[in-house]
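Whole structure, please, built from the sequences with the hints as guidance.
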Amino acid sequence: ETGVTQTPRHLVMGMTNKKSLKCEQHLGHNAMYWYKQSAKKPLELMFVYNFKEQTENNSVPSRFSPECPNSSHLFLHLHTLQPEDSALYLCASGDSSGNTIYFGEGSWLTVV
Amino acid sequence: AQRVTQPEKLLSVFKGAPVELKCNYSYSGSPELFWYVQYSRQRLQLLLRHISRESIKGFTADLNKGETSFHLKKPFAQEEDSAMYYCALSGYSGGYQKVTFGTGTKLQVIP
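Protein chains in written order, with our numbering: chain Z, 1394 to 1505; chain W, 85 to 195.
Calculated from the structure, these hints are not laboratory results. There may be inaccurate statements among the hints.
Sample of chain W residues facing chain Z (criterion: CB under 8 Å; computed from the structure) [what the hints assert, rightly or not]:
hint: 1; residue: Leu128
hint: 2; residue: Phe143
hint: 3; residue: Met168
hint: 4; residue: Ser174
hint: 5; residue: Tyr180
hint: 6; residue: Phe185
hint: 7; residue: Thr187
Okay, the calculated bits of chain Z under chain W, using three or more residues with CB under 8 Å as the criterion [as the list claims (entries may be wrong)]:
hint: 8; segment: 1432 to 1439
hint: 9; segment: 1442 to 1449
hint: 10; segment: 1492 to 1501
A virtual CB, placed ideally from N, CA and C, is assigned to each residue, including glycine.
See the structure below:
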C-alpha cells in the first residue's frame, strides 16, 4: 500500500454527465498531481497542486476541473467529456522536496 | 525548462540479453533523476533514483552529466522485466519542485 487511494477505480459516463474522481493520500505530502495515461500519450501531466495551490495547468480543457480542498485530497470534476477523454487517470503525491512521487492505482474512465 | 527524452517507444530483447533503456534530459540546474516502472495492471512505482546509486532487480543507472543521460541497464533480461519504464527528472520550476516524466519505453522480453 503506497498511501495514495483513488476512487472510483472504474467509471463509465455519458457525454452529458457530471462526475468526479477522488484521490486521497495519507503520506503527509504537500504536492498532488493528476496525470492522464492513454495509448496515444503514455503519461501526460494535467495539474499540479502545491500546498493546496494550483501551480501547473498543462493546457487542460475546461471540461476537466480540479479541486484541492486540503493537502490530503484532490478531486477531478468531469463535465461534458468526449469519447477521446477515455483513459486511465492517475493521481500522485510528493513531498515538498518533490523528489520521489507516489502513484495511486488510477481510475479507468470510459466516456460513451 | 526541464525536459526528459526517451527515444524508444518499444524495446524488444531476448531473455538473457543485455538491456539498455535510454534517457536524456535537459535542465539548467543540478537534476535528480529517477526510473519508474509500471508492470501490467499495476501502479506506477519507483524503480531507482540516481542519488541512491543502488541496484534494484538487477537494474542500474548512472547519471552522466556530460552527456546529460541517465540510461537504465541490466546485463541479463528476465521475462518478468517486461513492463513500461519511465525516466523522470525532479527540478525547480517557478519556485516549486517539479517532476517531469519522459514518454516511456515499453520493454518486451522475448522468452
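These are the hints, each one checked on the structure:
1. A hinted interface residue such as Leu128 (chain W) counts as satisfied when its beta carbon comes closer than 8 Å to some beta carbon of chain Z; here the least separation is about 4 Å, so the hint holds.
2. For Phe143 (chain W), the interface hint is violated, since its Cβ never comes within 8 Å of a Cβ in chain Z; the closest pair sits about 16 Å apart.
3. For the restraint placing Met168 (chain W) at the interface with chain Z, the shortest Cβ-Cβ distance is roughly 7 Å, inside the 8 Å limit, so the hint holds.
4. Residue-level restraint check for Ser174 (chain W) holds (minimum Cβ-Cβ distance to chain Z is 5 Å; threshold 8 Å).
5. The beta carbon of Tyr180 (chain W) is positioned within 8 Å of a beta carbon in chain Z (closest approach about 5 Å), and the interface hint is therefore held.
6. The interface hint given for Phe185 (chain W) is met, as the beta carbon of that residue sits about 5 Å from the closest beta carbon of chain Z, less than 8 Å.
7. Annotation: Thr187 (chain W) was flagged as interfacial toward chain Z, and the flag holds, the nearest CB pair being 6 Å apart, inside 8 Å.
8. Against chain W, the segment 1432 to 1439 of chain Z contributes 4 residues with a C-beta closer than 8 Å to a partner C-beta. That satisfies the three-residue criterion, and the hint holds.
9. Counting residues of the segment 1442 to 1449 of chain Z whose CB falls under 8 Å from any CB of chain W gives 3; the rule of at least 3 is met.
10. Counting residues of the segment 1492 to 1501 of chain Z whose CB falls under 8 Å from any CB of chain W gives 8; the rule of at least 3 is met.
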